[in-house]
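In short: position in the sequence shown from 1, add 34, done, that's our numbering.
Don't read these hints as lab results, they were simulated from the structure.
Being a predicted model, the structure only gives us computed values, none of them experimental.
Take these hints with a grain of salt, some might be off.
As the list claims (entries may be wrong) - DSS-like, lysine-lysine: derived pairs with alpha carbons at most 27 Å apart:
id: 1; residue 1: K39; residue 2: K49
id: 2; residue 1: K187; residue 2: K49
id: 3; residue 1: K145; residue 2: K78
id: 4; residue 1: K155; residue 2: K98
id: 5; residue 1: K170; residue 2: K160
id: 6; residue 1: K39; residue 2: K121
id: 7; residue 1: K145; residue 2: K44
id: 8; residue 1: K121; residue 2: K78
id: 9; residue 1: K49; residue 2: K155
id: 10; residue 1: K145; residue 2: K121
id: 11; residue 1: K110; residue 2: K160
id: 12; residue 1: K78; residue 2: K44
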Amino acid sequence: MAFPKTTFLKQTDIKPEWFVIDAKDLIVGRVATQIATVLMGKHKAGYTPHIDSGDYVIVLNADKVRFGGRRLAHDKHPNFTNKMANKKYWWVTGWPSGLRNIPAIRLWERKPEQIVYLAVKRMLPKTALGRHMLEKLKLYSGDTHPHQAQQPKDFPVNLLPAGYGE
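Construct all of the structure, not just a fragment, from the sequences and the given hints.
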């Protein structure tokens, strides 16, 4: 009885591509799952879990993402919602009593790209391979980026979040 063979990619077989996505008015979690999928390489037919087979992703307007929920009035952020008001980012410093947090609106005021960065980071593997995948994520606040030489393509249509471009 013959069984089908599983093919595993080698690092030399992989040729990463560059994709660009405009994150303006997209919900953070929905766009982060799609970005993480491309960074890991799960959108390819030859996905191999122990090899970094993913592609590079350039995110434009990372400061204009939004959270889900009911919109609230805010003097600086046009997409301020009740979920953004309640969201807190937690981390541990490693020292006794070192549990720290920062509200999402304050993080947006200080480092707006960090919201997308943390959402994608927490969806990737927590290993050295995951850290290597995260290096392929390029975040920018404006509409321009310095990666024109890589000739980035538009983000794959089948991976775009629901409602993108409407």
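Results for each hint:
1. Between K39 and K49 the alpha-carbon distance is near 23 Å, which keeps this suggested pair within the 27 Å criterion.
2. Between K187 and K49, the direct Cα distance comes to roughly 14 Å. Compliance with the 27 Å bound is thereby established for this hinted pair.
3. Pair hint K145 plus K78 does not hold up; C-alpha atoms about 32 Å apart against a cutoff of 27 Å.
4. A distance of roughly 19 Å separates the Cα atoms of K155 and K98; the hinted pair therefore holds under the 27 Å criterion.
5. Our distance criterion of 27 Å between C-alpha atoms is met by K170 and K160, whose separation comes to about 15 Å.
6. Distance restraint check for K39 and K121: the Cα-Cα separation of roughly 46 Å exceeds the 27 Å cut-off, and the hinted pair is therefore not satisfied.
7. Annotation: proposed proximity of K145 to K44 is violated, straight-line Cα distance about 37 Å (limit 27 Å).
8. Between K121 and K78 the alpha-carbon distance is near 33 Å, which puts this suggested pair outside the 27 Å criterion.
9. In summary, the hint linking K49 to K155 is supported, as the alpha carbons are separated by about 23 Å, within the 27 Å threshold.
10. For the proposed pair K145 and K121, the alpha carbon gap of about 15 Å is at most 27 Å, so the pair holds.
11. About 34 Å separates the Cα atoms of K110 and K160, which puts this hinted pair outside 27 Å; it is violated.
12. Using a Cα cut-off of 27 Å, the hinted pair K78 and K44 holds, with the two alpha carbons roughly 14 Å apart.
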